[in-house]
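Residues in the sequence shown are numbered from 438 upward in steps of one, following our numbering.
Just so you know, the hints here were simulated from the structure itself, not pulled from any lab data.
Honestly, I wouldn't trust all of these hints.
Computed beta-carbon distance windows for the label pairs [said to hold, decoys possible]: (1) T520 <-> S455: 23 to 29 angstroms; (2) L509 <-> L451: 27 to 33 angstroms; (3) I477 <-> D442: 55 to 61 angstroms; (4) D446 <-> Q485: 38 to 44 angstroms; (5) G503 <-> L445: 23 to 29 angstroms.
DSS-like mimics (lysine-lysine), calculated; alpha carbons at most 25 angstroms apart, straight line [as the list claims (entries may be wrong)]: (6) K479 <-> K517; (7) K517 <-> K502; (8) K443 <-> K479; (9) K527 <-> K458; (10) K458 <-> K479; (11) K443 <-> K458; (12) K502 <-> K479; (13) K443 <-> K517; (14) K502 <-> K527.
From the three backbone atoms N, C-alpha and C, an ideal C-beta is built for every residue, glycine too.
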Amino acid sequence: MSVQDKILDAIELLADSSVKKAGYDRTIQAQILSCEDATIGKYRCRYQDATIYAYAGAADITYTKGAYVYILVPGGDMSKEKTILGTTKKLGINYISQAEGD
438 MSVQDKILDA
448 IELLADSSVK
458 KAGYDRTIQA
468 QILSCEDATI
478 GKYRCRYQDA
488 TIYAYAGAAD
498 ITYTKGAYVY
508 ILVPGGDMSK
518 EKTILGTTKK
528 LGINYISQAE
538 GD
């Protein structure tokens, strides 16, 4: 293996490592369980078998119990503050697939 090949392999290894470490936002679909604090738009939601909290994008936007919504998870990290993007009815049931380019 030539020196040039070794350098290219090292660059590829570094690039692959950087891509794996990069955070990306994730959009999930959840159901509104309740409004916990209307003054800040905090909602309790059901995602899969877990209960999570997410915030409306603006204080004047409200969601009803049972509504299905899309939630933005920053960096794919469920421990971070999540934002409700809108209802599946308004944005469309295929919103996630369209956003991901499927």
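These are the hints, each one checked on the structure:
For T520 paired with S455, a C-beta distance near 26 angstroms keeps the hint of 23 to 29 angstroms intact. In this structure the hint that L509 and L451 lie 27 to 33 angstroms apart at CB holds, the actual value being about 30 angstroms. A hinted range of 55 to 61 angstroms holds for the C-beta pair I477 and D442, which are about 56 angstroms apart. Taking 38 to 44 angstroms as the suggested C-beta distance range, the pair D446 and Q485 conforms, at roughly 40 angstroms.
In this structure the hint that G503 and L445 lie 23 to 29 angstroms apart at CB is violated, the actual value being about 55 angstroms. Of the pairs offered as hints, the one joining K479 and K517 holds, with about 14 angstroms between alpha carbons and a cut-off of 25 angstroms not exceeded. The hinted pair formed by K517 and K502 meets the criterion: a straight-line CA distance of about 23 angstroms does not exceed 25 angstroms. For the suggested pair K443 and K479, the alpha carbons sit about 53 angstroms apart, so the restraint of at most 25 angstroms is broken.
Of the pairs offered as hints, the one joining K527 and K458 is violated, with about 34 angstroms between alpha carbons and a cut-off of 25 angstroms exceeded. For the hint linking K458 to K479, the alpha-carbon distance of about 30 angstroms lies beyond 25 angstroms, and the restraint is violated. Of the pairs offered as hints, the one joining K443 and K458 holds, with about 23 angstroms between alpha carbons and a cut-off of 25 angstroms not exceeded. The suggested pairing of K502 with K479 holds, with an alpha-carbon distance near 13 angstroms, which does not exceed 25 angstroms.
Using a Cα cut-off of 25 angstroms, the hinted pair K443 and K517 is violated, with the two alpha carbons roughly 40 angstroms apart. For the hint pairing K502 with K527, the CA-to-CA distance comes to about 16 angstroms; that is within 25 angstroms, so the pair holds.
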